[in-house]
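**Q** Spelled out, the chains give:
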Amino acid sequence: NAGVTQTPKFQVLKTGQSMTLQCAQDMNHEYMSWYRQDPGMGLRLIHYSVGAGITDQGEVPNGYNVSRSTTEDFPLRLLSAAPSQTSVYFCASSPWRGGSTDTQYFGPGTRLTVL
Amino acid sequence: SQQGEEDPQALSIQEGENATMNCSYKTSINNLQWYRQNSGRGLVHLILIRSNEREKHSGRLRVTLDTSKKSSSLLITASRAADTASYFCATGTYSGAGSYQLTFGKGTKLSVIP
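Line by line, the protein sequences give chains A and B.
If you read the first sequence in the working numbering, its first letter stands for residue 4, the second for the next number, and so on.
If you read the second sequence in the working numbering, its first letter stands for residue 36, the second for the next number, and so on.
Isolated chain B (complex conformation) (with noise of 0.2 angstroms):
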């Protein structure tokens, strides 16, 4: 089953404004990251934030991590029309010695309008 549950599904934003997408998850993690997916390419890493962090900056992006309330969101600032992706968030967790396991949601497709 997927952990994480990304909200909303679809966010469609002016060019310049801020984007902001959320993430819940059921269980305890280690930590949590999000990706970006381009379409019909690969994933790239974003941004990690442990469990023992509540915030996290990389340049336009900034991350929040409540574990109390098992949740996470991502703000990305001043968007561009290339910022246009789907994003994942992903949580990590390790369940004994050499076992490590990252849980992807089900994404949030982001369009920025030119």
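Same shape as in the complex, but just chain A (with noise of 0.2 angstroms):
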């Protein structure tokens, strides 16, 4: 098993520019979610999802559209970049049993950069 892989690792982008951040499981996990880090702080987040066809805000989802048409892929698309928007993007990944989940599987992180 890969895991949860995430594309691309690196990606520097103008202001105002758009683009899609890819994000990848095959363990048939239901719920995945993105994360982003900025320098010195923890995880906060974006969207989830429970499954395909659902998706929901997290704290920050100002910027950010999702959608998930398949089990596997949770893409996150950057409307219109802002210099604030740059950071380190996580995916993760976990069961979905009954209402509940516990164990998060991160990816590696997109290190975006918008200038």
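Because the hints were derived from the structure by calculation, they are not lab data.
C-beta atoms are modelled at their ideal positions from N, C-alpha and C, and glycine is treated no differently.
All clues stand as given, with none of them false.
Simulated DEER-style distance windows between Cβ atoms:
| id | chain 1 | residue 1 | chain 2 | residue 2 | range |
| --- | --- | --- | --- | --- | --- |
| 1 | B | E50 | A | A55 | 45 to 51 angstroms |
| 2 | B | D42 | A | S87 | 24 to 30 angstroms |
| 3 | B | T112 | A | K17 | 46 to 52 angstroms |
| 4 | B | E50 | A | L82 | 47 to 53 angstroms |
| 5 | B | T112 | A | G54 | 35 to 41 angstroms |
| 6 | A | T23 | B | T99 | 37 to 43 angstroms |
With the hints in hand, could you dock these two chains into one complex?
**A** In structure tokens, the structure reads:
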């Protein structure tokens, strides 16, 4: 199993550009989520999903869109990049059984710089 | 806003000593988890403790949870240089059908000196 994979590893954007961060998992996990980590900070939840076709907002959703068309993939779209979105982005997944979950499995992260 | 707050922010100890990190949170939770992050890498899950549990062990790790004080502690015994990393507590909360959020603290940076 590859676990949780994220592409790209690094990305530089100009203000106003859009892009999609890819996240995929091969563990058949229903629950997937996106976090951002700024220097000296913990992770903050952007969006999450408890299954295909279901998404919900986290703590810092503004400026980001998500969709979940398959169990495996959970892409994160930056609509119009801003310097404030410079951060490291982590995707995570976990089983979702009977409305509960526990251990999150994290991807290696995407380091995004917006100029 | 961040739910969990770790204390201390940084901790430096000698190899073989024990390391204790604390986490406080503000609202009711369903579970509390601890994660480790090596520099520039993703997070690795260490241990989960549910709100109805008081103590849990995993190898050299011991986690306690006091829901009345809204606090948790992570103890790493007989530390090794390889334990050098940042440690985060994360509180898990269910808020309705199909809703679960994990909220992280800012972390404790642990340095174990050989």
